[in-house]
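So the protein sequences, as listed, match chains A and U.
For the first sequence, our numbering begins at 1 and goes up steadily by one.
For the second sequence, our numbering begins at 1 and goes up steadily by one.
Everything labelled a hint here was simulated from the structure, so no lab data went into it.
A hint or two may mislead.
Here are the in silico distance ranges between beta carbons for each label pair [as the list claims (entries may be wrong)]:
hint, chain 1, residue 1, chain 2, residue 2, range
1, U, K30, A, L147, 45 to 53 Å
2, A, M137, U, G343, 48 to 56 Å
3, A, F146, U, E290, 13 to 21 Å
If you want the ones that stay clear, here's a sample from chain U, every Cβ over 10 Å from chain A, calculated [claimed, not checked]:
hint, residue
4, H12
5, F25
6, S38
7, R301
8, G343
Note that the structure is predicted; figures quoted are calculated from it, not measured.
Note that the Cβ used here is the ideal one computed from N, Cα and C, for glycine as well.
Below are the chains, spelled out letter by letter.
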Amino acid sequence: MNPVLKLLVEGGSLTTAQMAQILGLSTEEVDRQLEQLRKEKIFLGWRPVLDLSNESAAAAAVRAVIEVKITPERGGGFNRLAERISRFDEVESAYLMSGGYDLLVFVRGSSLQKVAAFVSEKLSTIEGVLSTSTHFMLRCYKEQGFLLDTGESQASRLTVTP
Amino acid sequence: MSENSRRWIANHIATLPKSGIRDFFELVAKMKGQDVISLGVGEPDFVTPWHVREAAIFALERGKTYYTSNLGTIELRRAISKYVGEHFSVGYRPEDQILVTVGVSEALDLAFRAFCNPGDKVMFHQPCYVSYHPSITLVHGVGIAVPTYAKDNFALTAEALRAAWQPGAKILMLNLPCNPTGGTCSREQLQKIADFCREKDLLVLSDEIYSELTFEGEHTSIASFPGMAERTIFLHGFSKAFAMTGWRIGYACGPAVLIDAMMKVHQYAMMCASIIAQEGALEALTHGWENVLRMREQYHRRRDLIVRRFNELGLACHLPRGSFYAFPNVRSTGMSEKDFAVGLLNNEKVAVVPGTAFGENGTGHVRACFATSYEQIGVACDRIGRYLASASRKAS
C-alpha cells in the first residue's frame, strides 16, 4: 500500500508535516502524493469523527439505517436506482447487500421528523422501491474505530518505572 | 519503635540500596496534577489488546480460578515452545524444558537462587536493568559489571567481557536489546560472546524481553548458536511486545535439569503463575502477532523522531536498534545526569530517568522512554529544547 495512504488509513490525527517526518519525505512531497491519490479517486476527502452524543457536536445527530428492497432493472441491475438514492444529501452511505434486502442506506438528519419525512416522502416513493425498513440509531459505542466513553483510564499508570 | 525494629532485618537486605529509580519516582509523584510528560516509564503506553483481555474474562466466566501445574498449563507451554521455535530458532520441549513464571523478574530470581552459590561470580553488562545487580546480591553472589559504551551503540563486546572476567566467574547475564540503552549485538558479536562463554564454561541467563521490538535486522538469540542451548536459560515474557506488564507473566526455557532446579524454587516460593494471566498469555501467543507488529511500527516511528530531535538539540544519542528507550548523552549541557533530569522536571515538566539509576556506567546519560504518543514526544522535545536554551542562558 502507498505509505501515505497507509498513514491515512491508520486514522491518527497526523498533520502532513508529521507524515512527512515519519516517512522521511518533504511536506511538499506528501501534499503531492495526497493530491495524486485524490486525482485517482482513491482518497476522497477528510471527515471528522465526532461523538454525536455530545450536544455541541449533535447538529445533525439523528441517524437511521434503512433496509431497502428494490426492483433490479434489465441491463443495469441495482445500480441506477442505488445511485439515484445515494444522491440525496440525507444519505451518508449506501451499500448493495447480499441477503434479505438489497440496499443498506445510512441517513442523517437534524430531527426525527426530518429523517422520517425523507423515508416516507422521498425514498419510499421512488419507483422501483418495493419496501423500506427503518432503524433509528439510539446510542453509539464505537465510531469508525474510536471507542466512546469506555471508562478506561491510564490515570493509574505510574509515571516512572524501571 | 521503628528504629528498634531494624535489628530484625537481614544484614544483606539492610545494606542493599533502594533502586535509584525510586527516588526519582517520589519526585515525579509530588508533581501529580501538573502537566508532566513522562518519558520515565518502562512499559508500553498501549493497553493490552482487547482480544487478550476478553480471553481472560472468558476464562474467569468459565470458572478458571484454580492452581495450575507448577510449570504452567501444558497448553501455554506448547504455545511457548512453538513460538520460541519459530521466532528464535531454538527447540524446547513443553513437558520439561519450559517453566511459566510471574514475569521475567521471577524467572531471573529463580535462576539466581537455583544456580548461584554464595560467593559465585555473575557477570552482567552495565548500564542495565535496575534489578540485576541487587538480585545477585540477594543470593550472596558477587556481581561483575562489564561496561558497554555509547561508541559501540551500547553493544556488549567479547573484548570488554574478557577484560572484566575474573577466575570463578560462573554466570553471564545478558539483556539484549537492553533496558536502558537499547543496545543489541550483531550476530558476529554474539558469536564471539558465545565462544567466550564456552571457553570459560559460563552459564548464560539471557533476558530477551525486548526481542520483538528490534527495529533493524533480525533479533538473534544466543541460545540459537551451536552448543549454546545446553548452557543458556532463555528468559522471555509478555510484558513488552504484547503490552501485558501488569499481568506479570513470563517464562524460562532451558535444559531440563536446569529448568527442574528452577522449578524446585518456584514450587515452594510461588506455586504457579496466575491462571488468568496464563490464559491471557495463551491468547496473545495464538492470535496476537498482528498487534505486536502494529505496536512495533509505532515504536519505530517514535524512535526515529526522538533520536533525531535529541541529536538536533545537541544531546548526542545513538540509534537504539531495539527496545523503547533512547539513552542520550547530556554531558554537553555541563550538568550531571541527575541535575539535568531534576531541572528538566522542575522547569519544563518532562520526566526522564538519570542514567546512573542503571549503574555507574550510565553516568552522563538519561533514559527517555518513547512508549508515549508521537505528538507527546514532539511536545516533550520542544520543552527539552526550551530547557536547554534557558540553561545555557543562565550559564553564560
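For each hint, the structure was consulted:
no. : hint                        : result
1   : U:K30 / A:L147: 45 to 53 Å  : violated (33 Å)
2   : A:M137 / U:G343: 48 to 56 Å : holds (53 Å)
3   : A:F146 / U:E290: 13 to 21 Å : holds (20 Å)
4   : H12                         : holds (21 Å)
5   : F25                         : violated (4 Å)
6   : S38                         : violated (4 Å)
7   : R301                        : violated (5 Å)
8   : G343                        : holds (16 Å)
The structure does not agree with the numbered hints 1, 5, 6, 7 stated previously, though it agrees with the rest.
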